[in-house]
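Chains as they are written, first to last, in our numbering: chain W, 1 to 640; chain F, 1001 to 1502; chain A, 2001 to 2517; chain D, 3001 to 3101.
Fair warning: there could be bad hints in the mix.
Computed list of lysine-lysine pairs in DSS-like fashion (alpha-carbon distance at most 27 Å, straight line) [what the hints assert, rightly or not]:
| hint | chain 1 | residue 1 | chain 2 | residue 2 |
| --- | --- | --- | --- | --- |
| 1 | W | K111 | A | K2428 |
| 2 | F | K1469 | F | K1108 |
| 3 | A | K2428 | W | K568 |
| 4 | D | K3027 | W | K605 |
What the hints contain is simulated information worked out from the structure, not anything from laboratory work.
Listed below, chain by chain, are the residues.
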Amino acid sequence: MELFLYTALFSPLVGSLFAALFGASPKTKIAGIVPSILLGVSFLSSLILLVLVMGTGLTLHVEMMTWMATGDLYIPFGFVVDEVSVTMMIVVTLVSTVVHVYAIGYMDHDKGFNRFFSYLSAFVFSMMILVMSDNFAGLFIGWEGVGLCSWLLIGFWYHKESASWAANEAFIMNRIADLGMLIGIFLIYWNTGTLQYEEAFAVMPSLSTDILTWMGIFLFIGAMGKSAQFPLHTWLADAMEGPTPVSALIHAATMVTAGVYLVVRANPLYELIPSVGLFIASLGAFVALFAASMALVNRDMKRVIAYSTLSQLGYMFAAAGLGAYWVALFHLMAHAFFKALLFLGAGNVMHAMHDELDPFKMGGLSKVMKGTFLMMTIASVALAGIFPLAGFFSKDLILEVAFVEHHYIIYTVLLFTAGLTAFYSFRLVALIFHGEDRYKLFGIHPHEAYKFMLIAMSPLLLLAIIAGAFKMSYFEMVTNLLPATEYHVHSAATYWIMTIGTQIFVALAILYAYKKYTRKDIVVPDGTSKMENSFAYKLLINQYYIPYFYQEYIVKAYRELSEVFWTKIDQKVVDATVDGIANVFYQTGERTRVMQSGNLSTMLKWMVAGTVALLSLAVVFGLAARYSAEIKTFLSGLGV
Amino acid sequence: MLSPVNVSIESLNLMTLVPMLIPIVGALLILVIDLFKSEQDRSLYVMLSLLILGVDFISLMDSASVFHKNGTIMGVFDVMLIDGLAILSQFIIVGASMLFIPLALTHKRFHEFSYPEFFALFLFMIAGFQFMVATDNLILIFVGLETASLALYTLIAMHNRDKSFEAAVKYFTMGALAAGFFSFGSMIFYALTGSVEINQIAEVLSANKYADIGFVLVGVVFLLASFGFKLSIVPFHTWTPDVYEGSSAALAGYMSIVPKIAAFIVAMRIFEFLIHSGVVWLEVILYIFVVMTMTLANVWALVQTDVKRMLAYSSISHAGFVMAAILIGTTQSNSALFLYWILFSFTNLGSFSMLWISRQKNLPAHQQSDHSYNKFAGMIKTAPVAASIMALFMLSLAGLPPFGLFWGKMYLVSSAITSGYTVLALIMVLNSAIAGYYYLKLIVYMFMREPIMEDSGHIYSANATLPLKTIIGIAAIGTIFAFLAINQLLEFITMFVYNSGY
Amino acid sequence: MLDHILSILIFFPALAAMLGFVVHKDSMRSYGVAVATIEFALSLWLWFAFDSTVSGMQFMEQIALVPTFGINYIVGVDGISLFIVVLASFFTMIGIASLGETKDIKNLIITLLFLQMTMAGVFSALDAIVFYVFWELSLVPMLYIIGAWGGPLRIYASVKFFLYTFAGSLVMLVGMLFMAYFYFQATGQWSFAILDWYRLILPESFQLWLFVAFFMGFAIKVPMFPFHTWLPYAHGQAPTIGSVILAAILLKMGTYAFIRFSLPLFPDASVYFMFPIAILAIIMIIYTAMVAYAQKDIKQVVAYSSVSHMGVIILGTFALNVEGITGSIFLMIAHGVVSGALFFLVGVIYDRRHTKYMSEFGGLAHVMPRYATIFGLMMMASVGLPLTINFVGEFLSLLGFYKQSHILTLLAGTAIIVGAIYMLAAYKKMFFGVVTKEENKHLPDVNKRELIALIPLAIITIWLGIYPKPVLGTINTSVESVVSLMHEKAQTQEAKSRIPNIAKEASAAKNSVEEAH
Amino acid sequence: MEIGLNHYLVLSTILFAIGLLGVIRRKNLLMLFFATEILLNSVNISFAAISHYYGDLTGQMFAFFVIAIAASEVAVGLGLLIVWHKKHNNIDLDSMSTMRG
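Bound conformation, chain W alone (with noise of 0.2 Å):
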């Protein structure tokens, strides 16, 4: 069993290593292919161990060597397999599986195709660790990994500005957030003089609440950083400028939903301490709506993919937050599934339009890309949550726990998100797909991606349709880890009412969006319409300005802090202060040297000046001595 694990963890990064042997070298087929099937083989040995969880409900512990064991502190690189870390194995494996194929095809005219797969395999790799690590710092290995491998896919066209930029930007961020994790895990180091899992949750119900409290927020702050919440948010919508696969595998499927996978794995902290989760849930319905509310006009189509992402990040944190662990972790599974095949049919669009990203230059693709038309509506009903598809059974059930768990704000909040979602993602492909065909008007031929791209992207294709069906499998399962706890709304009428409700709500979301983005009349926006100017739009197109203010008034003041501490502080202060000592002594010898004249009868007026001084000194300090005793009387006198 510890050979698939080991196989499950390590072929990744054999892949990436043989990946980076030609990395130098110019592109070969083969770089890209072995990465792809070491892949494979990682996701049938998942597979295997998922059987085996499932199967015998027993989990898998190794433990392969020491990292780093000092004082009391002893971290191993340990690895587990159980129900919760199987769960992400699989969706990361068969995830990247998928998009490994797919980017050969997609990368084919790239020059750096080989150093791309190097770098993908590698963030598999890294990801694997995440999630398998039976302990806080493994974790942070992971954690700080995947962050290192999105910088490197973020900015894999380094030639853009606008890609390094942001690939910094992200980077930073996460860094930001890990510093919060890292205090997070110090704190349940010197509170449970462990970082194993197990054994510090094991601890942790002796603890005061507070300390507990501190441990929830400062390991959420890491999550917050990895699952782009709000205000560390803006970093994902700018690391589209990655490659459209690496968007599709680790800003949708896989590294964004790490922060939930924390906040799951962190399930016995968060029991004990239902307000931070309580606060969870809440920023993550507040983001869910903000996300939707940002991807409703936006113009550039991996960005309103990526607010979507956002938004469904949201509905995980909040299922999360309300201690429904399974929900969250089964909506990240499903969410995986159908926004990673969202993702890979948008870079099916892009290749066909040269990679044009404004879905009001396109309209009408349908009839030219009819496979991946079929893929992204599907991906984006399953996105809506329409009865039976995946989105639905996850979603709803969600909606569902905000409900039974009295925290009716929350709920209307995500339901009407829900709507949102619906309509956004409809207009998305009403845009791309529908009405009349704008592209024409740029010269541009779109053709269908390779056969062999679609064909990868199939699996995910079939999963978004029925990864619905494996719900009460999958909560038989999981549960045996995490808090069982069925949602179900009392009376069978209030339960019938929400859902038809909502699909009704949702259903009335996306024809209106097919109404309002298949009409004729629609055109390239130009910025003179009433509604671009309305405020409305302005707010949401600059993202409430958020980016503009974190630019204003936090980049620029610190390049600006820091120019005034070299210039004007470390120069002119500290550094001119250690010179001035030294000058002072110099300057004291060129001014005081003229005492050295020369002349001989100069030099005869000092000896005999200092002799004079001497004297008078003398003189009264003889005196003094001589009338000590009167001076004492006067000074007495004096009152001294």
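Starting from the known structure of chain W, fit chains F, A and D onto it as the hints suggest.
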């Protein structure tokens, strides 16, 4: 009818005079030789005086062993006083002189060395210094001092350049003034106590509890002034740089060591009993002097453009540094003084000899002075060995371990700490930090600048001969491997100093 | 021979340097490499012969020097110093091996060998004066290297470096003499032997003063915040090899001395000054990181970054618990490797373009992919990415200090943010974007000679990042003894509470070590 | 009135002061030497007086030595002076300040 003076020859115990008589006799011998056959080559005289000094050194060893056996010896109507200080300082004096004499065998001909008088005077001077340290009688101190000084003035003048005459005159005039001060000061003490023997003065003063302290202080002031002149304490130091610059480098090096140690001994004898008998005023004044001398001399050395002048100031500052020992006045500090001075004499003589061998007959056009910094630019390229040795001496002067002077510095600072002068200790170390700059300056010129003119290389050893190189070699070895000798030196010195009650 | 291995390690290079004067200019490089390799082999032997289960000093040697004044030549290594000694010889080796074409290379190599002597001496000296001797002596070769092979401002830089450090260490000397005097008062005889001093328990008031005196010397060497300005000049002007050795080894003298002297000698004072120093360290971390961000010159960036990292080391040291101190020692090694490598890398590009201004570059990733890769690796290490050597050290240091103060650690933790900011910015400026300058279009990638230096460093960076145990375990044992010593010497209540009582911890750690096996 | 020790001391002090003034004021080397002579001899007076007062000969011995030394000083001094005069045919102090700083 006069009653016959009956003084047993033993009670005179003339042995105490031997170390002084040897150089005197030697000097006379040299003169006599010249009388019979003049126009001898200088090497003869050099070797003769070397021999004489050697003998003198041996006799010193002898008296050292005597002292080792039965402590301090008085002699010749208790005028002579052979105690540890006397012996140690004479070792230094004679030793340094032995290192100095061979420097006369230069490659270029400097005509002072062709006169036998030079060597005669030199030996007289040594005798003078020996008298100075080997007595506590103010008269004899005065006589010794003046004998030595007068000889020294002449030696300087014999270098026979405008500058050397100027230097001689300056030194002479101020020396005369200092002599006046000394005699006046001793007159006051005589007036107060009716004696010119330091230990008796001490007794009398402490007997009447320093009744009229005011007059004592006046006396002290004048003695301070005269010894301040000898030790070049600021503000009595003004002669030093000029005299050093004017006289030949070798002699300058010599002057920075021997006259000072002699003066230090006397200062020790006079001032320490005063300090110990609680003349706070003197303590304060000495404190001020020490700090002023160290710091100001350093500060002036910073701005020098001529290496020799820089070394002059640096030796002023070193003198100030060592003055601290007298101020502290514990056995440890006094032994530190000797240790320091022995190591200093090696290093300083070495560095001045480096200047000496790089001495051209007449000034090249592009140089404003004999030993301007520029002259040494890029020396590492043209004369690596010489440069390294010079750098070695500079580092040692800067007090960088493990070279000679570091140990002296360390021990002295430690003595300051052990007797509670913490602030003084800090000032001392910070001063050596400042001093670091100007020693470094020379190293920078030698190692990090490009040579000014390419032909050079030979100019750094223009004046070198085997004897000179040997001397420098000895100095260098003494400086590098000092740390091996420190232990023995320390034991030896401490024993002598302690047994002579300081 | 093993009994005298330390003395051999110290004086063999010096002897070799002396003989080097005779070697002909053309074969000097090979001579240097040979000598340095032997030296490194010796140091490796030292490592293997070292018994990592013993916490005390090993390979002790003692020769009387000035017994009347208690000065003896005592050397020995424990887990704290061992690895720095090895690292020093290692850097000397690869440094000489990868020397580029420089003017009068002969003098340079001789100087480097002398420098190696002083470094070996400092880290194995167990007598304060001997320590001081090597400590001061190490200034001279560095002065020469900077001053003779440096950039336009080299003389200013070298003199500043020398005088600044010299002044500081003289104050330290006063402290040492005081310490010896106290020992004299307590026991009636002089001794400068550190191990003797360890047995001395001073009243707190004295501890404070002495701590300050020593602090002056160490802080300037490290360099800590207000005393750091000599470093940018030194690095900016020094030749590549100079900066490498300076950053990799010489700076470690200060931090090492803190652990060797300040902590065990003055436990109460250490606790008393813990927070002020921690705050200084935090200023170092954030402030210098921001200054680094403002730099135009890549070498200055690296220079300031090493100040910033030294801040973390200081912080770890003054965590005063096993985790922190072990971490800081490990970080010393880590930072040595990484910043050394970074300076090498800067040297590589400087040799090609003779400029260090980042604005001159851009798009290098396209022209020199291998160079970009190694640089990226080292940058990520310096940013403190897990599984690189730096992370282990930084993690442990911060972890350790967290025990003492939460909020300060939170502030110090920003190191991982600000560090990322300036490093990524610099990397972006140099390697990303399109190649603008004509002369950059055809730069040759790293050549064999440079790889000699870079590959081993890269390997160490990864290897010790993934498997630090062999080093960490050894350090750990010695640190535990130090901490327990501090705990039992501590007098004030606060100190007792701040410094953990190892007695129990030791056993726990032992177990964990066993498990690790 | 009766002339006591103090009168002598005062006298010698006054002479000493005069000598000192001379040393400071005079620019002519020869005059300078005279001034120093005055200095030294002023001391002699008091030495003689004191030794008479105490009735022991040490003071007078000292005086004799002082005289001797003064003489030899003059010898040396004049020697230097003559050489200087030969070279520069002046004996003005201000002329001898080639070395400074």
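For each hint, the structure was consulted:
In summary, the hint linking K111 (chain W) to K2428 (chain A) is supported, as the alpha carbons are separated by about 20 Å, within the 27 Å threshold. For a cut-off of 27 Å, the pair hint linking K1469 (chain F) to K1108 (chain F) stands: about 14 Å separates their Cα positions. At most 27 Å may separate the alpha-carbon atoms for a hinted pair to count; K2428 (chain A) and K568 (chain W) meet this at roughly 26 Å. Between K3027 (chain D) and K605 (chain W), the direct Cα distance comes to roughly 12 Å. Compliance with the 27 Å bound is thereby established for this hinted pair.
In the structure shown, no violation is registered for any of the earlier numbered hints.
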